[in-house]
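2 protein chains.
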Amino acid sequence: MSVLTLSGGVGGAKLALGLYRVLPPETLTVIANTGDDFEHLGLSISPDIDTLLYTLGGIDNLELGWGRRNETWTFMAALESLGGETWFKLGDGDLATHIERTRRLAAAESLTQITDDFRCRLGISARLLPMSDDQVRTRLRTEEGWLDFQDYFVRLHSEPVVREIVYAGASQARANPDFLAALLDDDLEAVVICPSNPFLSIDPILSLPGVRDALRASRAPVVAVSPIIGGKAVKGPTAKLMAELRLPVSAAAVARYYGDIIDVYIADAADGGEVAEIDVAVSFAPTLMQTVEDRETLATAVLAAADRGF
Amino acid sequence: MSVLTLSGGVGGAKLALGLYRVLPPETLTVIANTGDDFEHLGLSISPDIDTLLYTLGGIDNLELGWGRRNETWTFMAALESLGGETWFKLGDGDLATHIERTRRLAAAESLTQITDDFRCRLGISARLLPMSDDQVRTRLRTEEGWLDFQDYFVRLHSEPVVREIVYAGASQARANPDFLAALLDDDLEAVVICPSNPFLSIDPILSLPGVRDALRASRAPVVAVSPIIGGKAVKGPTAKLMAELRLPVSAAAVARYYGDIIDVYIADAADGGEVAEIDVAVSFAPTLMQTVEDRETLATAVLAAADRGF
Chain A
2 MSVLTLSGGV
12 GGAKLALGLY
22 RVLPPETLTV
32 IANTGDDFEH
42 LGLSISPDID
52 TLLYTLGGID
62 NLELGWGRRN
72 ETWTFMAALE
82 SLGGETWFKL
92 GDGDLATHIE
102 RTRRLAAAES
112 LTQITDDFRC
122 RLGISARLLP
132 MSDDQVRTRL
142 RTEEGWLDFQ
152 DYFVRLHSEP
162 VVREIVYAGA
172 SQARANPDFL
182 AALLDDDLEA
192 VVICPSNPFL
202 SIDPILSLPG
212 VRDALRASRA
222 PVVAVSPIIG
232 GKAVKGPTAK
242 LMAELRLPVS
252 AAAVARYYGD
262 IIDVYIADAA
272 DGGEVAEIDV
282 AVSFAPTLMQ
292 TVEDRETLAT
302 AVLAAADRGF
Chain B
2 MSVLTLSGGV
12 GGAKLALGLY
22 RVLPPETLTV
32 IANTGDDFEH
42 LGLSISPDID
52 TLLYTLGGID
62 NLELGWGRRN
72 ETWTFMAALE
82 SLGGETWFKL
92 GDGDLATHIE
102 RTRRLAAAES
112 LTQITDDFRC
122 RLGISARLLP
132 MSDDQVRTRL
142 RTEEGWLDFQ
152 DYFVRLHSEP
162 VVREIVYAGA
172 SQARANPDFL
182 AALLDDDLEA
192 VVICPSNPFL
202 SIDPILSLPG
212 VRDALRASRA
222 PVVAVSPIIG
232 GKAVKGPTAK
242 LMAELRLPVS
252 AAAVARYYGD
262 IIDVYIADAA
272 DGGEVAEIDV
282 AVSFAPTLMQ
292 TVEDRETLAT
302 AVLAAADRGF
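Just so you know, the sequences run in chain order A and B.
Position 11 (the first sequence) corresponds to 12 in our numbering; numbering is contiguous.
Position 52 (the second sequence) corresponds to 53 in our numbering; numbering is contiguous.
Just chain A, same shape as in the assembly (with noise of 0.2 Å):
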């Protein structure tokens, strides 16, 4: 038996955190989102990577809510002294991550390996997929025009009004072969679809060849977790994106976007009369995960919805 998610950074990995501590963590495989990976001041950064690194390596920065736990950020003082570009936070601990993957990258190294090899390092026993070792990067088209995806999220906040966003390589890139065959492995119990955002997180995965129609083809059932608690996003843009792409800011709409591909929706019960129509098995369970507790709470609640199909 086993178990696939599909994860971008901070939200998303605190529901993967809730399934490694409830499952027998080697039957959990976590596909990373890298439609935010960047290059900047000459590394190679995957955010939502590095994120559920921290994040299932029990490093996680809890004060902050991102990054490494016991950081410091003397490099970001030095970088500014020297007129570098300090618009991207970049701990010292983290640099670290970003220097030696950069560092194997060049060495012919896939992102995979490298992954896989940094949460061997760190301990973690689940499996931590980047979706594809080809270039992906999530692009939007704003009112300002087109930004890539970092200058968008952290050096604007996601302030520009988005009216299109692209996946620029994903229809020439190869999803991970190795989560395209665990979806098909009869072993599989559920698909978990992380409270992610929809559009920024989840949709650069779902964008890759072959990945919806080997999600529809799958033999265990495919659960999304709602992103939206009362019709609100609990943290980041997804309510202002819904309401820029002229969708309406409701959890029944995310279920609506994710379509066929999705066998059972857990929403809050907050949201309990708008999800009633929608055409998907829904589940209720308290989304929203303050402490580690409520994050093993929803992963049980979302396990028990996979495994009785409602």
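Source of the hints: derived by calculation from the structure; they are not laboratory data.
A hint or two may mislead.
Since the list gives no way to pick out one identical chain from another, each pair is judged satisfied if it fits inside one copy or across any two copies.
To be verified - The calculated SDA-like cross-link candidates involving lysine to any residue, where the alpha carbons are at most 25 Å apart (straight line), are: (1) K236 x L123; (2) K241 x L106; (3) K90 x N71; (4) K90 x L42; (5) K90 x L106; (6) K236 x R164; (7) K241 x R128; (8) K90 x G68; (9) K241 x V293; (10) K90 x M77; (11) K233 x R122; (12) K233 x D261; (13) K233 x L246; (14) K236 x V250; (15) K90 x G43; (16) K233 x R142; (17) K241 x E275; (18) K241 x D117; (19) K236 x V163; (20) K90 x R104.
Values in this document were obtained by computation on a predicted structure and should not be read as measured data.
The hints should help you fit chain B onto chain A, whose structure is shown.
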């Protein structure tokens, strides 16, 4: 009026700082050895330039004797946890210099431009020039085979027995044109060869096409400061190297090694007997620089000797 000095890392930077403090600072030009430069973890590292930047910028680490002040080491600990190479110690603040330099070199800026910008940012009024913008690499033939400089010096703690030293690329490299122009400037009052390692820090500079000729052609006296005190090196592998290269370990042997490019030799009184026999004007001064005052005293003595010709 102006003064030019040739310097390697820690030892040379001490006298460079003394000169910087006793001269009108904008009249000083410091030429940095780049034969120690190397690529490590994908970063372009220029140890001697950085030592000079930190020392002249007043942010050198006084406890360690190398690197930046108020340094932290979170990066190295994180790199070790990921299985990265840790034999070359990179402080978190120091990393900013390497990452920003590497980024700018990749953007086709020259090492001279980058170094000049860094020294401005750090508030240094003296001019700091890399000996060349072309790649020169000090390599050593040892009893363990050919070694790159940092492999020999840092990774192997200068332990291998050295039989030959080459400055790979030097004969094809172009000496920094501002360096050659400064040597031939009518306003130049003195050229000071710092008490750096003659073979590992000064020779790479002297090996560049045109440098020895320009030193001989310069109107200014060339004053070298002995790196040997009482028959011993203050620090580093100078004495060990001299023995391995079959040279007497003495202040006089260093003067003879420099030969006709120097006009005045500054030695410690402890070496008075030996240096009396060399064919160049000798001046005695306390060459051990423990305090900032020692550096200023030696700098003043060096400039006075240049002025009077002995």
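Evaluated hints:
1. For the identical chains of this complex, K236 and L123 are neighbours neither inside a copy (27 Å) nor across copies (40 Å), given an alpha-carbon limit of 25 Å.
2. When the C-alpha separation of K241 and L106 is checked against a cutoff of 25 Å, the pair qualifies neither within a copy, at 35 Å, nor between copies, at 40 Å.
3. Taking the shortest alpha-carbon separations for K90 and N71, both the intra-copy value of 15 Å and the inter-copy value of 20 Å come in at or below 25 Å.
4. Both within a single protomer and between protomers do K90 and L42 lie at most 25 Å apart by alpha-carbon distance, with minima of 12 Å and 20 Å respectively.
5. Proximity of K90 and L106 under a CA criterion of 25 Å is satisfied in both settings, with 22 Å inside one chain copy and 22 Å between copies.
6. In this assembly of identical chains, the alpha carbons of K236 and R164 lie at most 25 Å apart only when taken from the same copy (20 Å versus 64 Å across copies).
7. For the homomeric pair K241 and R128, neither the shortest alpha-carbon distance inside one copy (33 Å) nor that between copies (52 Å) is at most 25 Å.
8. With identical chains, the CA atoms of K90 and G68 are at most 25 Å apart both within one copy (9 Å) and between copies (23 Å).
9. In the homo-oligomer, the alpha carbons of K241 and V293 never lie at most 25 Å apart, since the shortest distance is 27 Å inside one protomer and 59 Å across protomers.
10. Taking the shortest Cα distances, K90 and M77 sit within 25 Å of each other both inside one copy (7 Å) and across copies (18 Å).
11. Neither within a single protomer nor between protomers do K233 and R122 lie at most 25 Å apart by alpha-carbon distance, with minima of 38 Å and 46 Å respectively.
12. For a Cα distance limit of 25 Å, the shortest separation of K233 from D261 inside one copy, 24 Å, qualifies, whereas the shortest one across copies, 81 Å, does not.
13. Proximity of K233 to L246 under the C-alpha cut-off of 25 Å is restricted to the intra-copy arrangement: shortest distance 15 Å within a copy versus 75 Å between copies.
14. Only within a single protomer do K236 and V250 lie at most 25 Å apart by alpha-carbon distance; the minimum there is 14 Å, versus 69 Å between protomers.
15. With identical chains, the CA atoms of K90 and G43 are at most 25 Å apart both within one copy (15 Å) and between copies (20 Å).
16. Taking identical chains as interchangeable, the C-alpha atoms of K233 and R142 lie at most 25 Å apart only when both belong to the same chain, with a minimum of 23 Å there against 68 Å between chains.
17. For a Cα distance limit of 25 Å, the shortest separation of K241 from E275 inside one copy, 19 Å, qualifies, whereas the shortest one across copies, 81 Å, does not.
18. Proximity of K241 to D117 under the C-alpha cut-off of 25 Å is found in neither arrangement, the shortest distances being 35 Å within a copy and 45 Å between copies.
19. Taking identical chains as interchangeable, the C-alpha atoms of K236 and V163 lie at most 25 Å apart only when both belong to the same chain, with a minimum of 17 Å there against 61 Å between chains.
20. Proximity of K90 and R104 under a CA criterion of 25 Å is satisfied in both settings, with 20 Å inside one chain copy and 17 Å between copies.
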